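If you read the sequence shown in our numbering, its first letter stands for residue 2, the second for the next number, and so on.
Simulated from the structure, these hints should not be mistaken for lab results.
Source: prediction; values computed, not measured.
Glycine included, every Cβ here is placed at the ideal spot set by N, Cα and C.
Just so you know, not all the hints are guaranteed correct.
Now the in silico label distances, taken between C-beta atoms and shown as ranges [what the hints assert, rightly or not]:
(1) S607 to S553: 53 to 61 Å
(2) H750 to E569: 39 to 47 Å
(3) N529 to E569: 42 to 50 Å
(4) L294 to H352: 41 to 49 Å
(5) V945 to D901: 22 to 30 Å
(6) T422 to G748: 46 to 54 Å
(7) T422 to Q743: 19 to 27 Å
(8) L701 to L294: 48 to 56 Å
(9) N529 to L267: 28 to 36 Å
(10) Q528 to Y129: 34 to 42 Å
The list that follows gives simulated cross-link-like pairs (lysine-lysine, DSBU-like), each with its CA atoms no further than 30 Å apart [what the hints assert, rightly or not]:
(11) K940 to K867
(12) K630 to K595
(13) K284 to K349
(14) K641 to K630
(15) K595 to K622
(16) K809 to K595
(17) K641 to K549
(18) K906 to K946
(19) K1047 to K867
(20) K641 to K595
(21) K809 to K760
(22) K207 to K229
(23) K435 to K483
(24) K906 to K940
(25) K207 to K120
(26) K867 to K760
(27) K85 to K123
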Amino acid sequence: MLLTLLLTSQGNRWLWQIAISQLPQLQGELVDGSLLHGWQFRSLQWHQSDDVIDLTVDIQQLSLSLSAERLLHGELLVESLSIKRIDIVNRSSGDDSQNKEDSGITIPSFTMPLPVEIKALKIDELNYSQLDSDLQLENLLLSARAERQQFDIRQFAVSHAYGNLQANGRVSLSAPYPLTARLVIQPDDRLYDQLKTEGATLPEIKLPDIGISLSGTLTDYQIRLDSKDNQQNPHLLIVDGDLSGSLEQLMIQPLNARWLQQTMSLNGQLGWQNGIEWSGKIKLSDVNPETLLQGYPGQLSGIVATTASMNGQQWLAEVSQLNVSGILRTFPVSLSGQIRADNDLNIKADHLDLNIGSNHLLVNGSINQNWNLTGTLNAPGLTELYPPLSGDLSGDFTLTGNRQSPHVEYRLNADQLTMDTIVVDGLKSQGQLKSLTASDNQAHLQIDALSFNRYHQTLKAIELSLTGNPDAHRLSLDTGGKVLSSHLQLNGSLAGQQWQGTVNALNTQSMLGQWNLQTPFALQATQNEIRTEPFCLTSLPASFCLGKGRVSQQDVQVDFSLNQFDVEQLASFFPPHLQWESELNASGGVVIQKGQPFIHLNAHTSEGVLSVNELEGTYNKLVLNSELKDDRLDAILEFKSPQLGVADLNVQVTDIQQSRLLNGQLTIDHLLLELFQPFIPDTRDLSGSAGAHLTMSGSLHDPLLNGELMISDVSLDSEFCDVNRVDSRMLIQGDSAVISGQLDIGGGHSDLNGTLSWKDGQFAGLLHLTGSDLQCSVTGIGSIWASPDLQFNLTDTPELVGSITIPKARIEIKGLPEQAVSVSDDVKVVGRTTITEEQSRSPIALNTTVTLGDDVRIQAYGLGSKLGGSIVLNQSDDQPLTGQGSVELVEGRYRYLGQDLIIKKGQIIFQGPLNAPFLNLDAIRNPDVTQDNVTVGVKVTGPVKAPEWSVYSNPTLSQQEQFSYLLRGRSIQTEGEGIESALLGYGLGEISQTATKLGDQLGIKDFSVDTSGSGENTQVSVGGYIAPGLRLQYGTGIFNSVSEVKIRYEVLPRVYLQAVSGLGQALDVFYRFDL
């Protein structure tokens, strides 16, 4: 009968049912099995709940196989034990164990009644949960044997998301319990990734395989930790050390960690016989703080000695030695002192001293039944602490009184604090706080600053004051400045968790005028929300009002209105020459409920007048209505004027959170472009009109437009070019457009054609400009006539390619404007931001050829010449503007030092940056004023910033003779006045600009001082325009007493009369023409 029960499947099921009935904690199904063939269980559960334990164990599938033959021989052999999934939930708190008195650890001897061997235990998945902690393990494998008092673990392996563990070992179950074991921990990168996702600031660390070797006995064991650097990775964390211990304590001697040439060593002792006790030292060697503090590199070394103890609810921790020093961001740093704390939060700081560069912080004192803590701060170099912050800061604080009623006093001063665009001058702050809880406590906080500046907007004389106690306190804030001055005063009280206050005064003075609080208003605040009563600010007759407001973490509700606001108060924000006369009224509100917004705005002006220069037009309607509701935005803009034109915009955007679908229409009829002139720099006399008829669809990310945009009869005058006529049309179809147009500039004509595309949110296009004889002029420099053939490729990196031919130019420079004279590169201007070469690069790539034609002439500083040649201009993302080519001086003459030089060869060669060309010049003195048939000249070669020059002659002469012929036109042996003529010419050249300014003050235009003639006929002359078209000039000889007066009158642009009175008299008629 017994064999039937043990050896048959039916008998085993009957035995299983008896077991379940006798053990109510056990549930599950025996699917099949017997002693000979093993057992298969499904949905096994053990649940135990009593005063000590609350435990549930669920096993999804379990297969067990025993050796019946070995069992007959008195040995339990588990051939295999396989569990698919096991879930263990422990709801026990474990508090009872903490209340039991610790009587030490004793291990009884134990002898196995029969040998037990597990060949293969396998658990695919194990989940353990207790209170708020969870543990998930996978692929648990065990092979072990226990016989009498010997327990051998042949193989143990388990996997976790953060790593793998493998172990083997042997332990005796009789005193002194000798043991040997070897464990290998293989960390996974997911452990590092998880710590980073949980907000930990961690450097890049690679964890090696860590080996743990155990030997000795349970009462006297040794542990060896080692890790191997098989990867040769500099980020690998190497850990090694020796530990020893017993059942009562653990000795660490020492434990070392090395990473990126940084070392930390730990020595100490941990005991747990009477609670937990710790004593140890950490030694730091070349530790880089940037490991945890990004942007703060350095090297820190030192010793930190700590002690700690915990027994039940009592704990004590102390840093008995703190001595760390080194370098932080190139500045010396040191930290020293002692600190102690216990479970009653009694804290003592003994000379806690921190130095970083020139900055010093010292804290001293204690916190127990009474507060007695002081601190001083002296930080003259804030940049050393935080690079974006500069300035100096100093102060001190004291905490006194008993723990329930502390008394806090502090002082803080700074001459100037600067951070990014914020500058605070003359900061002073001081305060007192007596008692945090008593009803009679008093607080006083005062913050003063001479000025607060951000984005060039300055507030001056800032004063913040807070006085009173929680039951009754007062806050006042006053600021001054040209941009904004204000005054705020409120009273408040705190009752439990609710704060109530009343704003009694709120006044502002700004570019929008003076605004004053109409009547005081109340506001309330709790931990969850802030509420305000309605209030109005008035600047008669205008008013700005807010209705009842409520702001919480989830909800917002506020209404507002603006009435009778004169838009002329916005004049300071308008560009010059724009005037707007009207009255603005608006109303709206913001409501956010459960994260869903409802926003509406209705704004309109009265009938008004817009004026730009001499253009003035009235308009009948200007309205803006918008509403955001139910994930849909509707907006309507209407403008109607009988003189200025009509514009209507109607837009709807649906599904704003996701697809942002677009639908709308834009209509513009005869909108005068004069309105936009103030917004376009360096332009004047803009005229013309614009029109548009567009429908919109698609989405905001990928809009589709259909219709056309037109501008017609456009003309404008700019600082450089006068545009006589522009007519252009853009035909838009979906996500692309075709552009065609014509431009007349000066006396020339040009055509513009191209295409644009914005498909899939990617903007691209191609524009082609061709033209001829487009005239542009620059005051004080001259005029050019250009014929462009350019192609503008609009891509991620816009590119301008093509050519510009300049067939004609007249360049006449009499003097450089003041802004053209640059400061030397080695001069540093305080307060001016230096623009680097990288910042000065244009975002447009360039590959353009500029060719000079046959009629390009220059007159500048005594140089008169025709110009020729060509330059290829190149620029890219990684290369600044450069030039390849040369400019030729053709038929050139140069008058300098009173002499007339003829340029035989003149080249300005570009092979890189435009400000660094190469010179190749050869100029000779005019042979007509040079004696003895001598040819003398100057050659200049080399880079423009450091040219080399030499004087030569034909026939070859000494250097002294060469200079004499060059400056005097004759031999050094010949008496004469050539050198005086040269010096005279040089001197007059140096004072020419001063003379021009003097003439302007006398009312004489183009006043100049110059020399003419050569040799004995050298003259110095002064002259200028005394009336439009009438020029007067007076000259006198240097080496003779002959004087001469010339009067020239321009009858027509190319015809003038000239009368000369000197040794003789003459009246001439001149006609000027260009070759």
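Going through the numbered hints above, which ones does this structure break? Give me the numbers in ascending order. The structure conflicts with hints 1, 4, 7, 8, 9, 15, 16, 17, 20, 21, 23, 25 and 26, although it agrees with all the remaining ones.
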